[in-house]
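2 protein chains.
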Amino acid sequence: MSILVVGSVAFDSVETPFGQVEEILGGSGTYFSTSASFFTDVSLVAVVGEDFPEEHLDFLRSRSIDLGGVKKAPGRTFRWKGRYGYDLNEAHTLDTQLNVFETFKPELPAGYEDAEYVFLANIDPELQFEVLQQVRRPAMIACDTMNFWIEGKRAELLKTLRKVDTLLINEGEARQLAGEANLVKAARSILAMGPRTLVVKRGEYGVLMFTEHSTFAAPAFPLESVYDPTGAGDTFAGGFVGYLAATRNHSEANVRKAIVFGSVMASFTVEDFSLNRLRSLESKEIENRFQKVKLLTEFEGIG
Amino acid sequence: MSILVVGSVAFDSVETPFGQVEEILGGSGTYFSTSASFFTDVSLVAVVGEDFPEEHLDFLRSRSIDLGGVKKAPGRTFRWKGRYGYDLNEAHTLDTQLNVFETFKPELPAGYEDAEYVFLANIDPELQFEVLQQVRRPAMIACDTMNFWIEGKRAELLKTLRKVDTLLINEGEARQLAGEANLVKAARSILAMGPRTLVVKRGEYGVLMFTEHSTFAAPAFPLESVYDPTGAGDTFAGGFVGYLAATRNHSEANVRKAIVFGSVMASFTVEDFSLNRLRSLESKEIENRFQKVKLLTEFEGIG
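Protein chains in written order, with this note's numbering: chain A, 1 to 303; chain B, 1 to 303.
Hints are computed from structural coordinates only; laboratory data are not their basis.
Please note that a few of the clues may not be correct.
[Said to hold, decoys possible] Anything over 10 Å on all C-beta distances counts as not near chain B; from chain A, calculated:
hint, residue
1, Ser2
2, Ala192
3, Glu287
[As the list claims (entries may be wrong)] Per the computed footprint, the stretches of chain B lying under chain A, defined by three or more beta-carbons under 8 Å from a beta-carbon of chain A, are:
hint, region
4, 153-159
5, 179-185
6, 222-235
7, 252-260
8, 280-292
9, 295-302
Since the structure is predicted, the reported quantities are computational estimates derived from the model, not experimental observations.
Cβ coordinates follow ideal geometry from the N, Cα and C atoms, glycine included.
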C-alpha cells in the first residue's frame, strides 16, 4: 500500500456567487484520495451512512481507490452546508451534521498498518493519534487540522503534532496555532512543535512552505473561473502527498515539485462544484498546468 | 535625465501594532524617488510647505535626487495620518490634510520634458494628464492611482490610462477599476483600457503582472518583522521603474527582474518606519535579497 488517508466522506451543500448545489459528493477523504489517485495507489478509511449511494463509491473505485476501510454505519452520512461570498478565500459554515461521523473510530483493516504514506485529514486529533498507533513505520506522516481543534483540543493536537512530519494548514490557522501574527515567526514556533515541514495554504495567494533551513513560495495558478473552493485544501494535499509517494524522494527539490503538483490539482478542483472537474481530468492536463506554473514564476538571476 | 516622478512629499503620522510615529517624512514621490535612486538618476516634481525642514531635502539630495522641480509654497506641507491593525495589508486613513497639495499644479522645469521614464504617482488623474502633455517622448510611462480617483474621476482617469504603458495598482483597485471580481478577467479588461502591462500589488502576497501574452507571479519576501507598510507600493514602483531605466531593456525577462527588484525594495521599506531602512540600505543588501527571492521561488521542471 502506498498512501493511507483517514478523513471524511460527506454530502456538501454549497452556495457561491456562481451557483448553488445540494447534497453533492464531498468530504476531506474524498477530495484527498481522488486527487492522490492521479499519482499513486490510495486506501481510504472513512465512514458513510446508509443513505450513501453506491454510485459515489463506484466513482472512487473507478479511480482505483481501495475502499476496504470505508464502513457503512447505521444512520445518515455526514453533511456540511456552506456559503462563499465574492471573496472566495473564506467559507462561512451554515450547518454541520456529523451524523455517522460523530461516533467514527478509525480502525485499519489488516494490511493497512504497512502504509508508507499517511495523511490524517482534518478530524479530531485524538482520532488522528489513534490512527498513528495502528501504523507501523510510515515513511511520511502528513496532517491537517482546523481552528475548532486548535481551540478545543490543543493538548491532543500537540500530542499528534509531535509524531507528524508535515503539517498542512491555512494561514489563519498557522497564526492561531502559534499565537503569533507574523507568519515567519509563527512558522518557526510550529516547526518546534514537531513537524519538520509546515505548508501554509493561502487560497488564491498560493502556498508557503517552511522547513528549518528553507522557505518556498508557490503561487496559485491564476484562474478565470473559480466556481467553488470547497475541497481545494484536501485536493492540494492529495497532489502533494501523491507526488511524493509516487516518487519516494523527499529531497528539497522534489518536495517543491510536490507542492506545485498539489497547487495544480487544487486549481482544477475549484473550476467546478464538488469533484466534477477531477472526473474528467487527464494526466496530460496536469503536466500542462505544471509547466504553466513554471512559466508563471520563472525569472533570471542578477547576472 | 533618466526618471521623472511627479508625486507627493508629506508628513505621515502612523500607528501600527508595533509603535507610533508623528510627522515623519513620507509621500509617494519621496518613497518612489528614494527607491529608484538606488538604480539610476531621478528628478522629483512635488510641492512642500514652508514648514518643511531642510534636513529632509538634504536627505533626498544625498540620494542624488534632482529637486529642481520641488517647489516650496506658502502654507503647510501635506499631512496624512493612518493606522494599521495586525492585518498590515490595509491602511485605515484617520486624517488627510492636503494643505499646499490642494493647489498643486505640476510644472516641469526646463529640460524635464526630455525624461525617458515617467512615473505618475497617485495624484489627480487630470494632473497626471497635464504632466504627460509636458513631456516629449518618454520610453516608458508608468502610473499609480487609487479608489478615490476610480470612483470620483473615472473619465479623467481613463483618459490618462490611454497614454500609460504600465499601471501599478493594488488588488482591490484592479477589481474596482474593472468592475469585475475575478482578477484574471479584471486584468484583461484593464489592459483593454490602454496599459500594455498591469502590475497588481498584493501586499504580503506579492505581485501579479499581466500583459496580453503572459502572467508573472512574484512572492513578497517573507519578513520576520514588518513595522510599517506605508510607502511599500511607491517603493516597489521605484525599484521597478528604477531597474528598467538603469537597464533600458523592456524584454519580458528583464521586466520580470524589475518586478523582483521592486518587491525587494518594498521588503526593506516595511522593516522600519518612514524611509528609515532605506537610509542605511546598501546595494549589496539589495542583491543579496534578490538572490534569496530566487531561492524562495525556484523549482525544477517535470523532467
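Each hint tested on the structure:
1. Against chain B, the non-interface label of A:Ser2 holds: every CB pair exceeds 10 Å, the least being about 20 Å.
2. Distance to chain B confirms A:Ala192 as a non-interface residue, since its nearest Cβ pair spans about 15 Å, more than 10 Å.
3. Distance check on A:Glu287: its Cβ comes as close as 6 Å (rounded) to a Cβ of chain B, failing to clear the 10 Å threshold; non-interface status is violated.
4. Coverage of a stretch by a chain is defined here by at least three residues with a beta carbon nearer than 8 Å to that chain's beta carbons; for the region 153-159 of chain B and chain A the count is 0, and the condition is violated.
5. Requiring three or more residues with a Cβ within less than 8 Å of a Cβ of chain A, the coverage given for the region 179-185 of chain B holds, as 5 such residues are present.
6. Counting residues of the region 222-235 of chain B whose beta-carbon sits less than 8 Å from any beta-carbon of chain A gives 5, enough to reach three: the coverage restraint holds.
7. For the region 252-260 of chain B, the stated coverage by chain A is satisfied: 5 residues place a CB nearer than 8 Å to a CB of that chain, which reaches the threshold of 3.
8. For the region 280-292 of chain B, the stated coverage by chain A is satisfied: 3 residues place a CB nearer than 8 Å to a CB of that chain, which reaches the threshold of 3.
9. With a threshold of 8 Å between beta carbons, the proposed coverage of the region 295-302 of chain B by chain A holds, since 8 of its residues qualify and at least three are required.
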